[in-house]
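Just so you know, the sequences run in chain order F and U.
Here full-length UniProt numbering is used: the first residue of the first sequence is 1, the next is one more, and so on.
Here full-length UniProt numbering is used: the first residue of the second sequence is 1, the next is one more, and so on.
Any given hint could be a false lead.
Computed, partial: chain F to chain U, Cβ under 8 angstroms [claimed, not checked]: (1) Ser21; (2) Ile24; (3) Ile25; (4) His47; (5) Ser49; (6) Ala50; (7) Asp51; (8) Gly88; (9) Lys91; (10) Val169; (11) Gly198; (12) Ser199; (13) Thr200.
No lab work stands behind these hints: they were computed from the structure.
Virtual Cβ for every residue (Gly too), placed ideally from N, Cα, C.
Next come the chains, spelled out residue by residue.
2 protein chains.
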Amino acid sequence: MDFKTDFKPLTVDPDKIYDYSFSIIAEEMGEHDFSEDEWKVVRRIIHASADFELGRSVIITPGAIEAGIKSILAGRHVIADVQMIESGSGKKRFQKHGGDLHCYIADEDVSIEAKKQNTTRAIISMQKAAKLHEGGIYAIGNAPTALLELIRLIKEGLAKPDLIIGMPVGFVSAAESKEELLKLEGIPYITNVGRKGGSTVTVAALNAVSLLADEQAKK
Amino acid sequence: MDFKTDFKPLTVDPDKIYDYSFSIIAEEMGEHDFSEDEWKVVRRIIHASADFELGRSVIITPGAIEAGIKSILAGRHVIADVQMIESGSGKKRFQKHGGDLHCYIADEDVSIEAKKQNTTRAIISMQKAAKLHEGGIYAIGNAPTALLELIRLIKEGLAKPDLIIGMPVGFVSAAESKEELLKLEGIPYITNVGRKGGSTVTVAALNAVSLLADEQAKK
Numbered sequence: 001m002d003f004k005t006d007f008k009p010l011t012v013d014p015d016k017i018y019d020y021s022f023s024i025i026a027e028e029m030g031e032h033d034f035s036e037d038e039w040k041v042v043r044r045i046i047h048a049s050a051d052f053e054l055g056r057s058v059i060i061t062p063g064a065i066e067a068g069i070k071s072i073l074a075g076r077h078v079i080a081d082v083q084m085i086e087s088g089s090g091k092k093r094f095q096k097h098g099g100d101l102h103c104y105i106a107d108e109d110v111s112i113e114a115k116k117q118n119t120t121r122a123i124i125s126m127q128k129a130a131k132l133h134e135g136g137i138y139a140i141g142n143a144p145t146a147l148l149e150l151i152r153l154i155k156e157g158l159a160k161p162d163l164i165i166g167m168p169v170g171f172v173s174a175a176e177s178k179e180e181l182l183k184l185e186g187i188p189y190i191t192n193v194g195r196k197g198g199s200t201v202t203v204a205a206l207n208a209v210s211l212l213a214d215e216q217a218k219k
Numbered sequence: 001m002d003f004k005t006d007f008k009p010l011t012v013d014p015d016k017i018y019d020y021s022f023s024i025i026a027e028e029m030g031e032h033d034f035s036e037d038e039w040k041v042v043r044r045i046i047h048a049s050a051d052f053e054l055g056r057s058v059i060i061t062p063g064a065i066e067a068g069i070k071s072i073l074a075g076r077h078v079i080a081d082v083q084m085i086e087s088g089s090g091k092k093r094f095q096k097h098g099g100d101l102h103c104y105i106a107d108e109d110v111s112i113e114a115k116k117q118n119t120t121r122a123i124i125s126m127q128k129a130a131k132l133h134e135g136g137i138y139a140i141g142n143a144p145t146a147l148l149e150l151i152r153l154i155k156e157g158l159a160k161p162d163l164i165i166g167m168p169v170g171f172v173s174a175a176e177s178k179e180e181l182l183k184l185e186g187i188p189y190i191t192n193v194g195r196k197g198g199s200t201v202t203v204a205a206l207n208a209v210s211l212l213a214d215e216q217a218k219k
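Next up, chain F with everything else stripped away, as it sits in the complex (with noise of 0.2 angstroms):
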């Protein structure tokens, strides 16, 4: 194969390889019950992870895209559990509407009372998190604890994010923690069954929601 001649008139025009990637998911995914807005989020969790399996997992409350939409558009913050969704995703998406992307977890504040507590440090960022700010989105694709302590300071009445996006992988409580946002009430969110997430594909659906938001800031 000779690639240059091959890959380069698809590759350099970003949209247009999302577009070639989009039409290649939807014919594969078939029939599927996700909304117009929702599939939006599912195929770019599906692009980001070329996992279908994933992709059929997930699960959307009614209204979650709408209420995250509202909130970027509001200026309201996103808080990230890992830097790695920081990155992934970008304060500028949220910056230009007023709100701003966080991530507490390499705060020296946050290890100091974690170690304090002999807990984690995720723990401890979602404790500042909702201390600092009020509603918002909460993007958490890595640590089982952070969804967890989010959903007992909800519970608390100390927490009452906006939307959570909530994607932990792994092998320990991260099945478990997305079985205890299942059965909370009352807060939207976009989350799968099962222990496969990550960072990726949570900054997947953390960024089809911004581009929603910003399709809707135009209008």
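Once you've looked at the hints, dock chain U against the given chain F.
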């Protein structure tokens, strides 16, 4: 489920979570042909993706891990195609051995040159890396064009990595870029077959190699 009492003993100690996760992964993986060191890389890829299919599709050339360890311990540099890998792996892992972790895709000169040449920033960032650094580890988890360009630079004698971790994800050129890597001779690599991959599994492979380097440095 009272998750607070249930998950806390496992999650406050990251090493224990890893150990427990790895024991589940080993049990569910069953038989495989990976060597002891290769398995340390593969199980981390499975840990980051919860995807055994992806784990089984990993290909590591003979001596690739040892080549990566040597590169890190010699203080050679690590090049990431996207910033998610830079933030997910962290510079400290390499700085303590004298090297550093770089990602050039967001550099202004890279952006200007890509526009001038009507090509991707990923391609220009690989050219920049090859000019600046001798050898080193190239960790490519997102952009097929970065991997294809690196292969081209190697064939033209303009780059000679110590190790390539090539695991871009996606529907356009990702699988094909890895097929090109599989044809490459004389350069050690870690890759996988198919569309799956991404920043998180690339970070997992890179971190596994850097942890093995740490172990070796202590001997």
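- Item | Interface hint outcome for F/Ile25 [beta carbon to chain U under 8 angstroms] | Since the shortest Cβ distance to chain U is 6 angstroms, the answer is holds.
- Message: Let's test the interface hint: is any C-beta of chain U closer than 8 angstroms to that of F/Ala50?
- Response: Since chain U brings a Cβ to about 4 angstroms from F/Ala50, closer than 8 angstroms, the hint holds.
- Message: Under 8 angstroms is the threshold here; is the Cβ of F/Gly198 close enough to any Cβ of chain U for the hint to stand?
- Response: 5 angstroms, holds
- Item | Minimum beta-carbon distance criterion (8 angstroms), F/His47 to chain U | 7 angstroms, holds
- Task: May I ask you to test the interface hint for F/Ser49 with respect to chain U, counting a Cβ-Cβ separation under 8 angstroms as satisfied?
- Result: Constraint on F/Ser49 satisfied, holds at 7 angstroms.
- Message: Interface hint check: F/Gly88, Cβ to nearest Cβ on chain U, cutoff 8 angstroms. Holds or violated?
- Response: Holds. Min distance 4 angstroms.
- Message: Min Cβ distance, F/Ile24 to chain U: is it shorter than 8 angstroms?
- Response: Holds: closest Cβ of chain U sits about 5 angstroms from F/Ile24, inside 8 angstroms.
- Task: Let me know if the C-beta of F/Ser199 comes in closer than 8 angstroms to any C-beta of chain U, holds or violated.
- Result: OK, holds: F/Ser199 within 8 angstroms of chain U, min 5 angstroms.
- Message: Hint validation: F/Lys91 versus chain U, beta carbon distance must be below 8 angstroms. Holds or violated?
- Response: 12 angstroms, violated
- Status of the hint placing F/Asp51 at chain U (closest C-beta pair under 8 angstroms): 7 angstroms, holds
- Identify whether the interface hint at F/Val169 stands, where standing means a beta carbon of chain U within less than 8 angstroms of its own. 5 angstroms, holds
- Message: Quick check on the hint: F/Ser21 CB to chain U CB, less than 8 angstroms?
- Response: This hint holds: F/Ser21 lies near chain U, its Cβ roughly 4 angstroms from the closest one there, short of 8 angstroms.
When held up to the earlier numbered hints, the structure conflicts with hint 9 and nothing else.
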